[in-house]
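Protein chains: 2
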Amino acid sequence: MSEKLSTKPYKGTRDFYPDEMRQRTKVFSSLEKTVRSFGFEKIDAPIVEPIEIYLAKTSEEIVNQQIYSFIDRGERRVAIRPEMTPTVARMFSGKARELPRPVRWFSIPNLWRYEQPGKGRLREHWQLNCDILGAPDEFLADAEIIMLAVEILKSLGATQSQFIVKLSHREILNSFFEKRLGLAKENWPTIARILDKKEKISGEEFSSFLSAAGIDAVGQEQILNFLTGGLQWLRENPEIDGAGYLLELMALLEKSGYSEHLAYDPGVVRGFDYYTGIVFEVFDTSGENRRSLFGGGRYDKLVSAFIKEEINAVGFGMGDVTLFDFLQTHQILPGPQRELQVFVASFPTPEDQVNSFRLAREIRNLGIPAEMGLGPAKLGKQLAEAAGKKISFAIIQGLEEKDRGVVQIKNLETGEQVEIPEEEIVEQVKAMAGDRYDTQK
Amino acid sequence: MSEKLSTKPYKGTRDFYPDEMRQRTKVFSSLEKTVRSFGFEKIDAPIVEPIEIYLAKTSEEIVNQQIYSFIDRGERRVAIRPEMTPTVARMFSGKARELPRPVRWFSIPNLWRYEQPGKGRLREHWQLNCDILGAPDEFLADAEIIMLAVEILKSLGATQSQFIVKLSHREILNSFFEKRLGLAKENWPTIARILDKKEKISGEEFSSFLSAAGIDAVGQEQILNFLTGGLQWLRENPEIDGAGYLLELMALLEKSGYSEHLAYDPGVVRGFDYYTGIVFEVFDTSGENRRSLFGGGRYDKLVSAFIKEEINAVGFGMGDVTLFDFLQTHQILPGPQRELQVFVASFPTPEDQVNSFRLAREIRNLGIPAEMGLGPAKLGKQLAEAAGKKISFAIIQGLEEKDRGVVQIKNLETGEQVEIPEEEIVEQVKAMAGDRYDTQK
Chain A
7 MSEKLSTKPY KGTRDFYPDE MRQRTKVFSS LEKTVRSFGF EKIDAPIVEP IEIYLAKTSE
67 EIVNQQIYSF IDRGERRVAI RPEMTPTVAR MFSGKARELP RPVRWFSIPN LWRYEQPGKG
127 RLREHWQLNC DILGAPDEFL ADAEIIMLAV EILKSLGATQ SQFIVKLSHR EILNSFFEKR
187 LGLAKENWPT IARILDKKEK ISGEEFSSFL SAAGIDAVGQ EQILNFLTGG LQWLRENPEI
247 DGAGYLLELM ALLEKSGYSE HLAYDPGVVR GFDYYTGIVF EVFDTSGENR RSLFGGGRYD
307 KLVSAFIKEE INAVGFGMGD VTLFDFLQTH QILPGPQREL QVFVASFPTP EDQVNSFRLA
367 REIRNLGIPA EMGLGPAKLG KQLAEAAGKK ISFAIIQGLE EKDRGVVQIK NLETGEQVEI
427 PEEEIVEQVK AMAGDRYDTQ K
Chain Z
7 MSEKLSTKPY KGTRDFYPDE MRQRTKVFSS LEKTVRSFGF EKIDAPIVEP IEIYLAKTSE
67 EIVNQQIYSF IDRGERRVAI RPEMTPTVAR MFSGKARELP RPVRWFSIPN LWRYEQPGKG
127 RLREHWQLNC DILGAPDEFL ADAEIIMLAV EILKSLGATQ SQFIVKLSHR EILNSFFEKR
187 LGLAKENWPT IARILDKKEK ISGEEFSSFL SAAGIDAVGQ EQILNFLTGG LQWLRENPEI
247 DGAGYLLELM ALLEKSGYSE HLAYDPGVVR GFDYYTGIVF EVFDTSGENR RSLFGGGRYD
307 KLVSAFIKEE INAVGFGMGD VTLFDFLQTH QILPGPQREL QVFVASFPTP EDQVNSFRLA
367 REIRNLGIPA EMGLGPAKLG KQLAEAAGKK ISFAIIQGLE EKDRGVVQIK NLETGEQVEI
427 PEEEIVEQVK AMAGDRYDTQ K
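Those protein sequence lines, which keep their order, are chains A and Z.
For what it's worth, our numbering labels the leading residue of the first sequence as 7, then goes sequentially.
For what it's worth, our numbering labels the leading residue of the second sequence as 7, then goes sequentially.
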């Protein structure tokens, strides 16, 4: 006997069997429907890209430690995409002159990062990407992206108390560093990284990190005021860049009914080099899932890696792993229930087989999926298999019944069986099913 | 100025902009609907697999010359999947004991092969995979797979005269080699490869290849009779293995109304080591696309690379590149038309902006996607952009109109504009759109 191969998927990845796939399809369909309702159009692109498109803006950690890259047989250095945004920028640039603006694009790519697998972290994940590029008025685009992020979660059944969007603006942080702390530009990223850690470390640790980075007690006091002062701090410091913009944006979102989902948080940092305007992160308020659910922001420089024109752009990426954790925590993950369908039993004679195939086809043509029994001869065994597949109704018709124009319809959950005219199958099945089933996707 | 990056996708791959994506979505939705109507359930799996799963049965040409493989950061040799069937076998094996049989699975993976790009051949393509594993009666499974292949093309609008399924059985060829030609088993693959080429070469070339492979004139005569004798040859040679099986299968398919789509062709070879029972290939009859559209067959040995139990399995894989060529040739490729949606104009004051966002949201909640204008101030420019995006209807409401509870609705194709009560928007848009639009997917 030869040695058998492992049936496990590659480390840090998942197989999607029908039950899991059905849940994924339901969640993604809901996401897609909401995103499309805002006028976003779906795009797609190859999973392999030239590595150059990640070298400019993707974080060093990803490129050096996490990217799946290799040399192809033609000596090109390529990568399996770790994120979608560089691809979006590449595609936009390729048709920048002909695309009517603003462009609203979404995609649901699978992305790869070489991570140590853990909660919320896998090597392959799917990510809903939504981007608006080239908006004549970027303020409105920023507002719409935040609204979209909220509406997506609401359409999945999440309520106001279950999540919060924390919003800031990169220029506020930069301007604070420059005008209040008097920091040289090269020190900004270091301090930003410490701010980013604040929620995960103690007050003492926070203070000692800042001291080590050369921030004295006065500076630390200012940082604390900045981080905890909320919108009031912005109102009192109007000369800080971005302050007026953020206040206006918060006002529009509030008047549009989004304030309950939203908080200004100057501690939202995200990719420091990447974002140029608003930045936001969405958090689960339950405390079960500490990492941000997803996030995004404005990245006006990315497209200029490809073309001269500077294109304003704002968007977010929502990964399926953290999203599903969130849905599970709040018990709003859709179940793996199958769509309504029937089972058509088969019999061993050639005439019977022809008849069963005909019957199954007719039911399909009338709009209900029909799975045919592929033997064995014993009817009881076929019906048990169908029940095992969570099919609720079986249609049975031998040749004698065919001659009489009738079928037996059996409810595989209750055992109830009735004889009905063949032409009433669909009507009967729907009546018996009631509203227990989704209609077919 | 730094040098700009290329905006082209990686060689041999495609970007899907919204127009192309819409076509792909429409075709794949149609495929999925048909496949689901037979009771198939969707699965998915990671795009990267351990390379071992391809070494057993995937053709040598693919593994040695075409596979995208690399060593990961953990020293594992992995591959980007060149085909889906080994993954299906791995997944089935991983839950072989608990899965109710038969298993009917489908997937639409993207697959990678390092090919010289050309007509019908790209490095990344999508492929509809359908498989039935563990059927109690494999004869019925074989029949169903052929029916499914035909129904898929019919549901895309293909007619009887546009395609033909050529069907054979691996054992017929093997048995002919053994019992009629007296060939040693190790020579079977060589002769099979020559048979596979027959349609692409001249009669003289065919004969000289056979002579070079040691087939004398008598053997060549037998081969020609075998290849051209059709079902009659099978009836006259009942001691050939597989002959009776294929005659029965053809009879069932004929009685089920599929004979017009079907022909027995003993020259169908496909992967010689891979298939163990029926094999089939679907051809475009127009002559425009010479390569087979898609194909499949029975592969009972594949699962035994993972588990001891031998599992019967039959399936096919249908690639999007050849399929789209076929649909284009016969002018049945769906157009890139957008779903019905409206454009909501915006105005520059904060009160107007709040109102436009509100209006757009209300239209979405009533079931019609609404794309909001993101500036600039000039209404005419906004409407021109909307028309450029092939949106047919614009909704315009300033604050004065809001106070009166009305909106302007403008047909961007005809220029026609009417004022209507706000609560009649959806009704009006649907009436004006008539049946020119698909409903949202």
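Since the hints were made in silico from the structure, they are not lab data.
Do not rely on the hints blindly, as some may be mistaken.
Copies of the same chain look alike in the list, so a pair counts if it fits in one copy or across any two.
Said to hold, decoys possible - Result set (DSSO-like, lysine-lysine): computed pairs, CA atoms no more than 27 Å apart in a straight line: (1) 39 <-> 436; (2) 48 <-> 32; (3) 32 <-> 10; (4) 408 <-> 48; (5) 307 <-> 172; (6) 48 <-> 125; (7) 32 <-> 17; (8) 387 <-> 48; (9) 160 <-> 125; (10) 396 <-> 101; (11) 172 <-> 387; (12) 32 <-> 63; (13) 314 <-> 387; (14) 160 <-> 172; (15) 172 <-> 436; (16) 206 <-> 395.
Small disclaimer: the values here were computed from a predicted structure and weren't measured.
Right, here's what the structure says about each hint:
1. Proximity of residue 39 to residue 436 under the C-alpha cut-off of 27 Å is found in both arrangements, the shortest distances being 26 Å within a copy and 19 Å between copies.
2. Within a single copy, residue 48 and residue 32 get their C-alpha atoms as close as 17 Å, and across copies as close as 12 Å, so both meet the 27 Å cut-off.
3. In the homo-oligomer, the alpha carbons of residue 32 and residue 10 never lie at most 27 Å apart, since the shortest distance is 35 Å inside one protomer and 40 Å across protomers.
4. Proximity of residue 408 to residue 48 under the C-alpha cut-off of 27 Å is found in neither arrangement, the shortest distances being 48 Å within a copy and 33 Å between copies.
5. Taking the shortest Cα distances, residue 307 and residue 172 sit within 27 Å of each other inside one copy (23 Å), while across copies they are farther apart (55 Å).
6. For a Cα distance limit of 27 Å, the shortest separation of residue 48 from residue 125 across copies, 26 Å, qualifies, whereas the shortest one inside one copy, 29 Å, does not.
7. In this homomeric assembly, residue 32 and residue 17 come within 27 Å of each other (Cα to Cα) only inside a single copy, at 26 Å, whereas the closest approach across copies is 34 Å.
8. In this assembly of identical chains, the alpha carbons of residue 387 and residue 48 lie at most 27 Å apart only when taken from different copies (24 Å versus 45 Å within one copy).
9. Taking CA atoms no more than 27 Å apart as the test, residue 160 paired with residue 125 passes inside one copy only; the shortest distance there is 24 Å, against 46 Å between copies.
10. Proximity of residue 396 to residue 101 under the C-alpha cut-off of 27 Å is restricted to the inter-copy arrangement: shortest distance 17 Å between copies versus 48 Å within a copy.
11. Taking identical chains as interchangeable, the C-alpha atoms of residue 172 and residue 387 are never at most 27 Å apart, the minima being 56 Å within one chain and 34 Å between chains.
12. With identical chains, the CA atoms of residue 32 and residue 63 are never at most 27 Å apart, being 33 Å at best within one copy and 35 Å at best between copies.
13. Proximity of residue 314 to residue 387 under the C-alpha cut-off of 27 Å is restricted to the inter-copy arrangement: shortest distance 24 Å between copies versus 68 Å within a copy.
14. Taking the closest pair of Cα atoms, residue 160 and residue 172 come within 27 Å of each other only inside a single copy of the chain (16 Å); across copies the shortest separation is 51 Å, beyond that limit.
15. In this homomeric assembly, residue 172 and residue 436 never come within 27 Å of each other (Cα to Cα): the closest approach is 46 Å inside a single copy and 39 Å across copies.
16. Taking identical chains as interchangeable, the C-alpha atoms of residue 206 and residue 395 are never at most 27 Å apart, the minima being 46 Å within one chain and 46 Å between chains.
Hint violations for this structure: numbers 3, 4, 11, 12, 15, 16, all remaining hints satisfied.
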